[in-house]
Amino acid sequence: MAMAIGDSVLDSSLYIPELRPKRKESILEELVSRAHALGAVRAPILLRETLLLREKLGSTAVGKGVAIPNARSVAVIAPRLAVARSRRGIDWDAPDELPVHLVLLVLSPGEVSEEVHGEFVSRVAALMRLQRNRQRLTEAAGFDSVAALLREVGA
Amino acid sequence: MNGVAGILKLHDLDLMMSEIRNAASLARLRKLGFEVRDPKLLERARARLVAELDRRWLHHYERALKRYGRGLAAVRGRVCQGCHIQLPTSASPGAEESLTLCESCGRILYWR
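Protein sequence lines correspond, in order, to chains A and B. Note that the numbering used here numbers the first sequence so that position 19 is 19, with each residue one more than the last. Note that the numbering used here numbers the second sequence so that position 92 is 92, with each residue one more than the last.
In case anyone wonders, no lab produced these hints; they're calculated from the structure. The structure presented is a predicted model; accordingly, all values stated were derived computationally and were not measured. Misleading hints may appear alongside valid ones.
[Stated by the list, open to error] Here are the computed lysine-lysine pairs in the PhoX-like style, where the Cα-Cα straight-line distance is at most 20 Å:
hint, chain 1, residue 1, chain 2, residue 2
1, A, 22, A, 64
2, A, 56, B, 40
3, A, 56, A, 22
4, B, 31, A, 56
5, A, 64, B, 31
Whenever a hint applies, use it, and build me the whole structure from the sequences.
Pasting the structure below:
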């Protein structure tokens, strides 16, 4: 079963138009905390540790100012996509060494298969590969515009 | 680290290791632009974690992992998400930090 980027994975509380934290550890903590408050995560400490371990294995920045941290974890209750922006840019150890301006956190429950989670991550990555999509996300006026873009291109 | 936290962490780590060990998954990750430096990092993290865990629960976990590819299963609506069998009414999460086993498949159950 493929994971479409639709309303079921999006929520206005998981959209941060301008990130205040400057370090990726703090940003992940902020996003996980929001997903927990939403009821999509049951063990925020575990999820944060899993995300940080993934970052140790290799940066989840994929270049061109985009990072896609992701986890398939027992700490996650329901699939979610969190979107955060930073005009200033964040050091995320990107392969092209550019600062990250768009962070898309992809969360899947531990029960889902590698393929389903991989497809979810792939859809988000494919979406961000196009310059016009990155620009639309960067310039979106609010959550509704972000959700409309993700629905339009990610279904 | 308590028993529940340790087993949950081990489960997440094993999910990640399984993805990295799968050649197709690894190739997909790299094609998407993700960096995967040294898979041995996960093996070292696992060895450190395993050394801290209760032997009895680790045994149950490893046995189920070997048999099904998963050592732990979440419970939803009193159904084990590993074998999809309805748990008997006598089954309960017990104390806050205690672990229980699925009587049907033997996976460690995660109730919350």
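Going down the list of hints, with the structure as the test:
1. Of the pairs offered as hints, the one joining residue 22 of chain A and residue 64 of chain A holds, with about 18 Å between alpha carbons and a cut-off of 20 Å not exceeded.
2. Under the criterion of a C-alpha separation no larger than 20 Å, the hint pairing residue 56 of chain A with residue 40 of chain B is consistent with the structure, at around 11 Å.
3. At most 20 Å may separate the alpha-carbon atoms for a hinted pair to count; residue 56 of chain A and residue 22 of chain A meet this at roughly 18 Å.
4. Distance hint between residue 31 of chain B and residue 56 of chain A is fulfilled; the C-alpha atoms sit about 19 Å from each other, no more than 20 Å.
5. About 15 Å separates the Cα atoms of residue 64 of chain A and residue 31 of chain B, which keeps this hinted pair within 20 Å; it holds.
Checked against the numbered hints above, the structure breaks none of them.
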